[in-house]
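J.: Sequence:
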Amino acid sequence: MFWKKNGKVESLLYSADRAKILSMVREMGSMASEAFSNAVRSLEERNDALADEVIRSDDIIDDLEASIDQECLSSIAMRQPVREDLRFVFAVLKIITDLERIGDQGVNIAKKAKILNRYPLLKPLVDIPKMKVIATEMVADSLKAFEEDDTALAEAICLRDEELDILYENIFDELLLIIGNKPQGDQATAQCAAGLLWVARHLARIGDHATNVAERVFFMVKGERLKPLLEEKRKALSESKGG
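In this text, residue positions in the sequence shown follow UniProt numbering: the first is 1, and each later residue adds one.
Since the hints were made in silico from the structure, they are not lab data. A few of these clues could be false.
Stated by the list, open to error - What follows is a list of derived Cβ distance ranges for each label pair: (1) 130 x 69: 28 to 36 Å; (2) 16 x 130: 40 to 48 Å; (3) 162 x 140: 13 to 21 Å; (4) 118 x 235: 30 to 38 Å; (5) 162 x 73: 35 to 43 Å; (6) 144 x 59: 20 to 28 Å; (7) 223 x 77: 22 to 30 Å; (8) 60 x 130: 24 to 32 Å; (9) 69 x 152: 24 to 32 Å; (10) 191 x 56: 21 to 29 Å; (11) 86 x 46: 43 to 51 Å; (12) 144 x 76: 21 to 29 Å.
Claimed, not checked - Straight-line alpha carbon distances no greater than 20 Å define the calculated DMTMM-like cross-link-like pairs of lysine to aspartate or glutamate that follow: (13) 94 x 58; (14) 130 x 165; (15) 222 x 147; (16) 20 x 63; (17) 222 x 165; (18) 144 x 155.
Glycine included, each C-beta is placed from N, C-alpha and C at the ideal position.
Work out the full structure, taking the sequences as your base and the hints as a guide.
T.: In structure tokens, the structure reads:
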């Protein structure tokens with residue numbers, strides 16, 4: 001595993017630190033994922049109580065981020081970790097920032113859901129639930145890649161982000177058409193369309209944060225940045241198709 005051994009006693013101490021930090025990150029990731037999933041469900045089910053539950057959960061996620069941050073800083077102060085161990089700690093500090101922002105996106109969706117729930121849906125929700133499923137899988141896989149030092153999975157997560165972008169563009173085009181065809185003076189339709197577009201945008205941002213986590217995992221394990229590698233692979237694939 002990535003966590004290096006530095007003598008028998010230090011090895012046990014580092015292993016204990018790592019296990020505790022991993023457990024806390026896992027809990028935070030699970031809560032953040034549940035928050036945005038329930039936020040979308042509150043829109044699907046027209047359930048304001050569920051949306052309120054998501055909004056209240058944000059403080060718990062924020063508190064957990066602060067606890068993990070303190071745990072990491074304590075580990076640095078007490079263990080004097082070597083370079084490889086520092087990469088783990090610094091990766092965690094960045095990962096929990098992305099997880100906290102995923103939780104924030106869930107709150108944003110919940111707030112939009114409470115507004116949208118006042119009006120009839122403009123259309124059946126199709127692509128937004130699809131985005132929720134993909135985003136949930138991306139977050140879960142990014143945490144799995146982190147726990148297992150799985151760089152191949154981290155790379156696959158980054159490629160999946162394009163699926164969310166395509167769905168977002170579909171929603172954008174569809175809602176733009178609805179707004180263009182609405183009767184003059186119909187503010188409710190415009191407001192609902194804008195609200196749904198924001199929900200889709202928040203889900204796309206969650207995918208971006210999951211991608212950030214995956215990129216941090218790749219750097220933590222290999223000490224290399226993933227984005228340039230993916231760009232090289234895409235370029236090579238494009239050239240091979242062109243040839």
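J.: Does residue 165 sit within 20 Å of residue 130, going by the straight-line distance between their CA atoms?
T.: The given pair, whose Cα atoms are some 12 Å apart, holds under the 20 Å limit.
J.: Taking the beta carbons of residue 223 and residue 77, is their distance inside 22 to 30 Å?
T.: holds, 24 Å
J.: Using the C-beta atoms of residue 144 and residue 76, is the stated range 21 to 29 Å upheld?
T.: Since the Cβ atoms of residue 144 and residue 76 sit about 25 Å apart, the hinted range of 21 to 29 Å holds.
J.: For a C-alpha distance cap of 20 Å, please report whether residue 222 and residue 165 respect it.
T.: violated, 28 Å
J.: Is the distance from the Cβ of residue 16 to the Cβ of residue 130 consistent with 40 to 48 Å?
T.: holds, 41 Å
J.: Should the hint that residue 162 and residue 140 are 13 to 21 Å apart at their CB atoms be regarded as holding?
T.: holds, 18 Å
J.: Is the hinted range of 24 to 32 Å satisfied by the C-beta distance from residue 60 to residue 130?
T.: Since the Cβ atoms of residue 60 and residue 130 sit about 28 Å apart, the hinted range of 24 to 32 Å holds.
J.: Does the Cβ-Cβ separation between residue 130 and residue 69 fall within 28 to 36 Å?
T.: Hint holds: Cβ distance 34 Å, inside 28 to 36 Å.
J.: Check the hint pairing residue 222 with residue 147 against an upper bound of 20 Å on the C-alpha distance.
T.: Roughly 15 Å separates the two Cα atoms, so the pair holds.
J.: For residue 191 and residue 56, compare the CB-CB distance with the range 21 to 29 Å and indicate the outcome.
T.: Because 25 Å falls inside the window, the suggested range holds.
J.: Is the hinted range of 30 to 38 Å satisfied by the C-beta distance from residue 118 to residue 235?
T.: violated, 48 Å
J.: Is the distance from the Cβ of residue 144 to the Cβ of residue 59 consistent with 20 to 28 Å?
T.: Roughly 27 Å apart at Cβ, these two residues keep to the hinted range, so it holds.
Checked against the numbered hints above, the structure breaks hints 4, 17 and satisfies the rest.
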